[in-house]
Amino acid sequence: MAKSILIIDDEQLVTKSLQKLLKKEGYNAVVATSGHEAIEKIKSSEFDLIVSDVRMPSINGIETIEKIRQIRQESGKGHIPEILITGYADEDKYKSAIKLGVRDYLFKPFDTNKFLEVIKRNLDVTEK
Amino acid sequence: MLEQLLDFSNYHYNPHAIPLILVSVIIFPIGLFIFLQAKKVVKNVAFFLLCSSLSFWLFTMGFVYFSNNSHTALLWYKYFTFFGVISIMPNAYLFSAASSGLLTKQRKYVIGSYILFYIFYILTLTTDKFINSATRYFWGYYPSYEPMTYIVLLFYVMDFIAIQGNLWFAYRKEKIPIKRAQVLTIAIGFIIGFTASVDFVAKIWPISIYPFGFFPIFIFTCLLAYSVIRHKAFDIETVVHKTALWILSFSFVIIPIFFLYRWGFSYLRESTALQIGFWLMSFLILALYLRVIQPKIDHFFQRRAYNLDEIASRFTEELVHLRGVDKLVQRIEDTISDTLYSRQVGIFIYNQAEERYKLAKVKDKSGEVAELSEKNPFLLWLAQNDKIVYREFIDIDPVYDTIREEAKNYFDLTKAIMAIPLVLSERLLGIINLGGKVNLRRYSASEFHFLTALKNQSTIAISNSLLYENIEEQVRQRTKELVEVQKQLVQVEKMATVGTLAGGVAHEINNPLTAILTNVQMLLDSNGKVNDESNMESLELIEEATKRCRSIVKKLMTYARRPLESAEATKLNFLDVVNKVISFLGYQLEQDNITIITEAKDDEYIVMGNHNELEQVITNIILNAKDAIKRIKKAGSIYIYPSKSNDWIKINIKDGGIGMSKDIIPRIFDPFFTTKEVGKGVGLGLSICQAIIEKHNGSITVQSEPNKGSIFTVQLPNAEKKSVVKTEV
Chain A
1 MAKSILIIDD EQLVTKSLQK LLKKEGYNAV VATSGHEAIE KIKSSEFDLI
51 VSDVRMPSIN GIETIEKIRQ IRQESGKGHI PEILITGYAD EDKYKSAIKL
101 GVRDYLFKPF DTNKFLEVIK RNLDVTEK
Chain B
1001 MLEQLLDFSN YHYNPHAIPL ILVSVIIFPI GLFIFLQAKK VVKNVAFFLL
1051 CSSLSFWLFT MGFVYFSNNS HTALLWYKYF TFFGVISIMP NAYLFSAASS
1101 GLLTKQRKYV IGSYILFYIF YILTLTTDKF INSATRYFWG YYPSYEPMTY
1151 IVLLFYVMDF IAIQGNLWFA YRKEKIPIKR AQVLTIAIGF IIGFTASVDF
1201 VAKIWPISIY PFGFFPIFIF TCLLAYSVIR HKAFDIETVV HKTALWILSF
1251 SFVIIPIFFL YRWGFSYLRE STALQIGFWL MSFLILALYL RVIQPKIDHF
1301 FQRRAYNLDE IASRFTEELV HLRGVDKLVQ RIEDTISDTL YSRQVGIFIY
1351 NQAEERYKLA KVKDKSGEVA ELSEKNPFLL WLAQNDKIVY REFIDIDPVY
1401 DTIREEAKNY FDLTKAIMAI PLVLSERLLG IINLGGKVNL RRYSASEFHF
1451 LTALKNQSTI AISNSLLYEN IEEQVRQRTK ELVEVQKQLV QVEKMATVGT
1501 LAGGVAHEIN NPLTAILTNV QMLLDSNGKV NDESNMESLE LIEEATKRCR
1551 SIVKKLMTYA RRPLESAEAT KLNFLDVVNK VISFLGYQLE QDNITIITEA
1601 KDDEYIVMGN HNELEQVITN IILNAKDAIK RIKKAGSIYI YPSKSNDWIK
1651 INIKDGGIGM SKDIIPRIFD PFFTTKEVGK GVGLGLSICQ AIIEKHNGSI
1701 TVQSEPNKGS IFTVQLPNAE KKSVVKTEV
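Heads up: the protein sequence lines correspond to chains A and B, in order. Counting from 1, position 42 in the first sequence corresponds to residue 42 in our numbering; the numbering is continuous, with no gaps. Counting from 1, position 724 in the second sequence corresponds to residue 1724 in our numbering; the numbering is continuous, with no gaps.
Here chain B stands alone, though its shape is the one from the complex (with noise of 0.2 Å):
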């Protein structure tokens, strides 16, 4: 086979088979180009495979056409073009899950592409059921296929859809708009290209059509680099005009020369002086083209690459939109990176509390130092002097004599060969440090006026953003501070209703005292004469004694607790806190005549809330209940009743105290509203305890008449609510 394949005779020229080698040797290096800028991408890697495929396919085809005879075309084919061209199937569709984000989710079928890959070419060497005989049509010889390449035609139109399927799913997931437009371009390449297997699909029904899908696959490769490249920022100047350009428009000079020379003018050979004429001709014709048509095709590709005005005008219109110095730093990088192609691209914004510049944002790590000292004397020099600095320009420019060596260092630090000061009224907000250019190219000078329009939108708008996050933080704070305040607040109210209960609790404990005074002076006077049952008496009255005091300081010393920090909301049975209240309120409200009647079925009644804040609220209404009560009369009672509902807990206080009138009502939750006598109270209970409700996410409202009484009622969310809809666990 392989002398067959290597026996010249077999083959002859045919201009049909031209442009098929020249797309599949413009679409190899572009394929290299893209996987040597990272080889570690697996999107770049997919692209070389799926390149090298398509190279592949269309290098071999081309030698299927140069055949001039069946028996040499259907080797070409079955051997190597056949492998080419459904190779093109599990590379792509790598490909398109690399670039769709979606390569771990469809890692099974990626491999279960290459297997089937894998069979078919199996398939197709071993057995005739794929390809057995070749054609020859006007263009050349082609394969006629067999029936079961039904099958791999199948496949094709399956790994299509599905590579569609990919990219349509990144085109939505996608909210970065140059991304959506490199999906769409992928997308679109993907249907051009697929254009190219018509020609494939029609010799199946050997229906001679002219296969002429070398063109829609340049097209499709050249869309895909292009999508690829804007990317990764790689400079579209160097691979689609530097390689790719140049490669094809100089093989269009050169290669009909070459087969001129070698087919076409038999005759040339015969004579000296037409030879010399003839490469005379085609050195003038490829002078012309090296000084006309490439600079024209440069210039083309230029503006395309590098409408910087609009680059920059459509920076400033992001800018508006952006909030916070993270996305803001974030996309002067991105823009920077993917319009000038910068290596390394270093933001460092001004971080006031530590008095340093702090690396923000970082393109390529390696060599950035993390942060510049607000001293560094180049840094001072920036903020005074409002300049982009490029490293070259330092040893040259009179304008750094004073600073030259402090400059040269902060680029050996930075590694930078530009910075740019971010200064608004002399003070240097931010630095971006640019790197070299990824194609090796100098910046110029409609860059640097593209800069100098970047850096001044930049400056106002982290300025803006600082500012922003300032107050924030300023915020931030305050709300900090009041919420601590509020804190104390309660517990100072709470400390006042200790101070107010004093007087009751001094009461209560010094009755035991009096009994254990009492006894122990009895025993002592007893002068160790033994009187079993007296003493003993005296003992258990003691012991008795001094348990209620034990009892007395520790209800009080719950009810003054500092809250716990920790502790902020808890569920609670909001009848557990008001039972507590009652115990320790009862001593006091029995000496001044009032009763409390609970009534409260035995139920629970499961709030969150702060057990000590909740505490202080009931406290609160119950005492404000008793003096209403004692302004109109000697005894009373308080009556509280909770109830609840599926939303709702709530506790009612009701008291038969003197009542208010509704001009009053509405000012009860006021600070400072108070009607009670001076020095009884400052007026601050009702309105803490609507706060601490409020917090609670709950109210407080009162119904009130006149020498009647009052209702009060805190309502809280129910903690135990059912809820109609079934929440999936």
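This is chain A alone, in the form it adopts within the complex (with noise of 0.2 Å):
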């Protein structure tokens, strides 16, 4: 079965673009548009890895993602990984991450293979 990853940004040329890529590479891709919009589809849907844009209004990505984590915690489901996007590397941002044990910070515009290679890896890692 297809694997599933949650993408979410609030920009929707990057969302349009990433789910695009995904789909061709055969993943079952699902947007949200916002921290709230993904805290709602990771209630309803199963996903095996989130991608996160950082700086977003309203809930940033660390936030939400801080915010998925208790969520899944809370009804004892595992942990998903978790990649962070980021269009500018915000020290502060970057370090609150690495505390949180994200995985895997990419900074926009980054290379089609590069995120591919990422994802692929990270979804190897739950597998096993």
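Hints listed in this document are in silico derivations from the structure and should not be mistaken for laboratory results. Model, not experiment: these values are computed from the prediction. A virtual CB, placed ideally from N, CA and C, is assigned to each residue, including glycine. Only true hints are included.
Derived coverage of chain A by chain B (criterion: at least 3 residues anywhere in the stretch with Cβ under 8 Å from a Cβ of chain B; other residues may be distant):
| # | region |
| --- | --- |
| 1 | 2-14 |
| 2 | 17-26 |
| 3 | 44-57 |
| 4 | 74-88 |
| 5 | 104-112 |
Since each chain comes alone in its own frame, lean on the hints to assemble the complex.
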């Protein structure tokens, strides 16, 4: 069965492109345009991987991930690996991401090959 | 008619005619002299015409008196005297217009008055309505006027009123005391001159008032001549003394002797011895006159014209009130030409920037050079010796042994005959070059004394003025630099804003770039496999993303652009500025969970301003508002609402942020004052904002309450203010 990936970004140009790319690679890609939407989606569906933007209005990427982890934990579900993508290297955000244990942190604009490689690696980890 | 006039049997000796002839003989050369001094100056020409009229009138009137029958007297009067009398009217009017500077304005009236004069004269000759007979009085024949002469009289009075009006106008307009005095003299002269017409008036009703008109006319001419001379800086000594007074006083002696000899003592001619005795006596009287009376008159007039000490002290007084080298130099030139009648006055002032002496003021340009080198050996010598140099003395005085040739070269170059250095502590500030005198006399010892006083006063005054102008120039320079620095500061502050916003901009631009890169690589990976729908979608995404990048870059460039020097302040809609800033900051604020709410009516808020600078002010306040909100909460709103009155346009920016306590508010506009942490801002923002707004004649005010928020109000003058008073276009 195709792996399911949740893409969280307030920028539709990004979500559309990434969704198209991942679909082409044979993944099942779902888009959330805000942290709140992502949380709702997590509650109703299962995902194998989360790709999230950092800087977003309302709640940002890091807060969204924290919230998702909390929900997962409360409902006794396992951890979903996260990849953060950001347009701007904000030192504070980067540090808190490391602290949170986010596996990968990519800077926009990234190479599709690199992106797919990171996706693949993270999904492989889940399988093991 | 000519035969009758030339027939000597029609005349007899009449002593009453003598004063008339005398005055007439004096007036004419005065007018001629004034005319010769400046042949192209209308005032001088008009004066000459006026003198000619008066002279002609009096001279021919003399022959009316000499006539021994009414027919001859009438011929003289009708053809000649009346011509002189009525020609006074246009000539006097021309003179008043010319000396009041109203000639161009009154050209029509002047021409009109000449036409009128011509009509009167023709009518007098061709009809009997003006003068028809002559009556004998005890002083001689005098014409009887017909009623039509009233019209002439009426125009005479009107002419007089117009002349006084002109002079009154000139008197009120004139600010320079000497010239006011001149106008006043002319006005008084005309009033005195007008009394001469009383004898004319009296004869309309045949009342036998003695025709004393010659006397006021004489005073009138002298006053006018004095006034014209004073203004034109002719030597009063030369004009009044050397010509008029000489002729006058000499004729007082000569003419009586002549008439005495011709008609007085007929028995004289019968005895040779008596004749010799008579002439010897006359000669003695003449010698006595030349020896005693003439020098006394000389002395009297000299004293009046040459109270040099008084002029020098008045000059000193005037200097106190003069600002600026130009006015000073003008005053020096006026004083010298008015007092000493130098033909040429050239004043050179040292020009620091060009390192040479430049001609600042010149009375007569002929022969003057425009500038002098600061290395001129004679000028260097003058700076050392600080001495008035008279050309005549160069050859004889041993003082000039070392510099003789150079000094001669200098005077040859400048065509001057005297050089007056203005030296202050061995520095030559300037030189006054004088040419010869109009009256061809030499400069006297007392004049040297006068020039020395003038030189010292002028030196100090010019030195002060140069210092003053120098300081003024420095202030101008500094102000210019400050304005430039402020402009740079605004730009620096703006670039700093761009820097702080760089994160936001990077984020904003990296999103579309991600879309572009992803889609381009997908297209490349497709390896030529044609999948129309998918490829098309990728291309569309790329297009949209590229456009987005373009608009972001454009926005950034508009914001960070250098202000155009020429477009300092233009009419603009303040709301446009606000909207531009909002569109620039929009993304960043959105990312920071700040919403901007603008409540603007569909109205225009026109102010005069510099777009770039006003943008900076609004940016600063909005970013401050954002920081104030972020310090107490994660999200918030900034409300921006404009308001306007007839006088003012206001932009209010309200936030629900941290606010400020009362003790901080007065300090927020101080330079380098900041409540932000180190590294977040240097604290120049609001002080620059205030400087910008004050430059726009507006103000920034703030209301604030701790933990509730602040309202910043930027107020600028309404550029479309409707004036209460309607102004004419």
